[in-house]
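Engineer: Sequence:
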Amino acid sequence: MKNVADSNNEEWMQEIWDWADKFNIEKDIIPRKPKKLIKLEVLEISYNDEISTIPESIGNLKSLVTFALEGSKVKKLPNSIGELSKLKQLVISSNDKLTELPKSMGNLENLEELQLRGNGLKKLPDSFGQLSNLIYLTINGNYNLTELPESLGGLENLESLTLGYMGITKLPESIGQLSKLKYLTIEDLENIIDLPESIKDLGNLESLTLENSGFKKLPESIGQLLNLTNLTINYNNNITEFPESIGNLNILEYLSLGGNSVKKLPDSIGKLFSLRELNISNIEKSIDIPESIGNLKNLESLSLGYINIKKLPENIFQLSSLLSLTIVDNMKLTEISENINKLKNLETLYLKGNNFKKLPSSIGQLSKLIDLSIEYTGKITEIPDSLVELNNLQNLTLCGMEIKKLPENMSHLSCLTNLTITHNRKLTEFPESVAGIKNLEILSLNENSLKTLSESINKMENLKYLYLASNSLKSLPDLSNLIKLEYLELDNNKLNSLPESIIGMENLESMSVYGNPLKAISKPVLSFLKNLDVYVDGVDEVDEVDESDYSTSNISNENDTSRFLQVNGYGVETFAGTVEAATYQYFEDNDIDLESYSNDAEWGNDDCQVPEEHNFGGYGLYEVDNLWHVNGAYLTEDTQIELVNGSEDTIWSSNCDTESLESQGIKLICVSSQEDIFDSLDLKTVVMIGRIFQQGCTFETQLQDIENFDPNNLTIYYHEDESGRIIKKIEYNDTELENGNSSTSGSGSEYSWEVIG
1 MKNVADSNNE EWMQEIWDWA DKFNIEKDII PRKPKKLIKL EVLEISYNDE ISTIPESIGN
61 LKSLVTFALE GSKVKKLPNS IGELSKLKQL VISSNDKLTE LPKSMGNLEN LEELQLRGNG
121 LKKLPDSFGQ LSNLIYLTIN GNYNLTELPE SLGGLENLES LTLGYMGITK LPESIGQLSK
181 LKYLTIEDLE NIIDLPESIK DLGNLESLTL ENSGFKKLPE SIGQLLNLTN LTINYNNNIT
241 EFPESIGNLN ILEYLSLGGN SVKKLPDSIG KLFSLRELNI SNIEKSIDIP ESIGNLKNLE
301 SLSLGYINIK KLPENIFQLS SLLSLTIVDN MKLTEISENI NKLKNLETLY LKGNNFKKLP
361 SSIGQLSKLI DLSIEYTGKI TEIPDSLVEL NNLQNLTLCG MEIKKLPENM SHLSCLTNLT
421 ITHNRKLTEF PESVAGIKNL EILSLNENSL KTLSESINKM ENLKYLYLAS NSLKSLPDLS
481 NLIKLEYLEL DNNKLNSLPE SIIGMENLES MSVYGNPLKA ISKPVLSFLK NLDVYVDGVD
541 EVDEVDESDY STSNISNEND TSRFLQVNGY GVETFAGTVE AATYQYFEDN DIDLESYSND
601 AEWGNDDCQV PEEHNFGGYG LYEVDNLWHV NGAYLTEDTQ IELVNGSEDT IWSSNCDTES
661 LESQGIKLIC VSSQEDIFDS LDLKTVVMIG RIFQQGCTFE TQLQDIENFD PNNLTIYYHE
721 DESGRIIKKI EYNDTELENG NSSTSGSGSE YSWEVIG
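The sequence shown runs 1 to 757 under the UniProt record's numbering.
Among the hints, a few may not be true.
Said to hold, decoys possible - Mimicking DSSO-like on lysine-lysine, the simulated pairs with C-alpha atoms at most 27 Å apart in a straight line are: (1) LYS217 - LYS285; (2) LYS88 - LYS62; (3) LYS97 - LYS170.
By construction, these hints were calculated from the structure, which means they are not laboratory data. Bear in mind the structure is a predicted one, so any value in this text is a computation, not a measurement.
When you get a sec, could you build the whole thing from the sequences and use the hints?
Structural biologist: As structure tokens, this is what we get:
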């Protein structure tokens with residue numbers, strides 16, 4: 001039965017199908033059925049380097065909304081691309097043979113987003129400026145492109161423009177005509193020396209990024225961009241000064257000045273009263289920070305990294321709103337002022353790679369501090385006792401110093417949950433005071449010189465993660481009270497054995513003991529370890545082990561005849577059901593999206609305020625499934641089916657694409673499809689479709705009495721919908737395998753309406 005009205009349609013369709021077959025384009029990308037081809041809205045052809053042409057008939061895909069061509073050998077695009085009247089998104093990326101674009105592109109009057117990345121383009125057509133509805137434009141990585149057309153200024157609705165990695169030597173003066181432009185990014189344009197004066201006319205610009213380009217100076221007119229809230233000027237090595245007019249940007253909230261060649265910052269920076277975040281970094285020459293920085297009363301985050309300063313300006317400590325202070329890699333900076341205690345609202349303090357000889361004792365007066373990190377400041381030999389007064393501290397890192405001990409009364413840090421003390425080679429004894437920190441969940445003592453652990457560690461009953469790698473431990477104390485511990489790392493110590501007290505760690509899931517001279521593991525300990533992920537090497541012998549009683553994760557039993565069939569890969573839970581037409585219309589009229597409504601239904605909320613007569617969701621939209629409900633892995637090459645033994649050694653495996661499965665004699669049977677189900681419904685029937693995608697899913701079932709597995713005896717039944725083929729059930733020797741163990745991770749969801757006819 002014909003699905004298309006006239007033979008002309010069939011002719012252009014056949015041309016597209018022949019092209020798709022020639023270049024092995026899959027059916028889920030180019031549908032081979034007329035009805036689906038006519039309705040095709042998204043065409044994404046990615047990294048098929050066999051493709052060298054695009055047929056003229058592509059212009060007949062009148063429903064196309066998104067077209068992406070990436071990683072092909074196409075040399076030119078057909079003129080018919082200008083006939084895609086509904087096209088909103090066009091992505092042309094990584095096509096290094098593509099040197100020009102057709103003039104007809106200017107006819108794409110509904111185009112909203114255009115990305116031109118990594119092609120071989122040498123010029124752009126003047127018709128570019130006719131894309132009057134374009135909102136987002138990215139031109140990046142076209143190294144042979146040496147100029148941009150002046151017609152660029154005709155993009156009257158453009159809001160976002162990104163230009164990078166090209167050979168252009170100047171920006172068109174017409175850029176100032178982009179009256180609606182909000183976001184401008186110019187990066188990696190080494191031949192660009194100046195910004196055009198017309199930049200001052202971008203009155204709606206909110207974000208300006210200038211990075212890694214050849215700019216020698218910035219125009220004073222930059223201070224006329226009065227709507228600017230975000231200014232990033234990074235890694236422009238030829239810039240030696242910033243204009244004083246920057247101080248006129250009175251609603252600027254974010255300013256990043258990194259990797260330039262300036263020697264001082266303008267005093268006018270102190271006029272940026274709306275500034276909330278300031279980043280000054282990677283300036284090799286010594287730089288002066290003006291005292292006016294202390295006027296930034298709304299500043300919440302200040303980062304000073306690798307800027308060769310010898311002293312912090314005292315006015316920094318007047319920043320009463322500061323929440324985060326980062327000072328890193330300033331080797332000429334030898335001290336930090338006792339006035340740091342004036343930063344009463346500070347929550348995060350990060351000090352790394354400086355040359356401090358000591359820490360200010362007033363640090364303990366930062367009463368709101370939550371995160372404190374002091375790393376690789378090798379001159380510091382002691383931590384001030386006032387540290388224990390930080391009652392709100394949750395995370396503390398002390399790394400790469402010469403400390404020999406910690407302050408007494410560490411137990412006063414009642415909110416501390418994460419403590420990292422690593423790479424302190426003079427620390428030889430376990431800090432007794434640490435054991436009193438009752439709420440500690442993570443303790444890392446890696447890379448110190450600990451010779452023993454105190455029995456007091458057994459008091460840390462809330463500990464979940466304990467890291468003791470790369471010390472000099474010869475034995476472990478009683479650890480039986482660490483009942484909440486989930487992970488224990490003991491690598492690269494001098495342990496000869498493991499204590500039986502670890503048997504009491506009922507929540508332990510994983511343990512690593514690489515690089516220890518273990519001589520024996522007792523039978524009780526080995527029995528306990530059988531359910532863990534254990535990483536161990538160098539065990540010379542096992543004390544009185546009866547392997548018939550149990551198995552462990554690191555001992556393989558050659559006589560094990562257990563067989564498990566596993567399917568691992570990307571999956572989906574897909575479901576669909578009919579909904580009253582009036583309900584559908586209510587959702588449309590009130591602009592209620594199904595994703596929000598699904599959250600309402602599942603969590604018992606009423607944010608969408610749907611009246612009872614249209615409230616079809618129950619306890620979740622997954623209950624709307626009278627048409628189908630399938631939960632399984634996709635049949636694609638990214639999914640793998642394998643047979644493993646009880647030690648998880650692979651006996652047989654295959655990718656789950658059709659060719660791989662059928663080549664091994666596995667039967668594939670379609671038991672239901674979205675298309676057939678829709679064809680059986682009456683016209684105007686409204687259907688709600690839901691899909692919950694799973695980035696990782698596992699199906700596992702045990703095969704009983706299998707000695708000689710034969711894939712020819714496997715049958716996979718699948719459901720087919722728009723997203724692909726999904727495994728519904730598996731049979732072996734005509735017996736359905738029950739899903740004994742299923743797990744998923746990393747899910748996302750989508751919901752949509754379909755009106756039949």
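Engineer: Give a verdict on every hint.
Structural biologist: We went through each hint and held it up to the structure:
1. LYS217 - LYS285: holds (17 Å)
2. LYS88 - LYS62: holds (12 Å)
3. LYS97 - LYS170: holds (25 Å)
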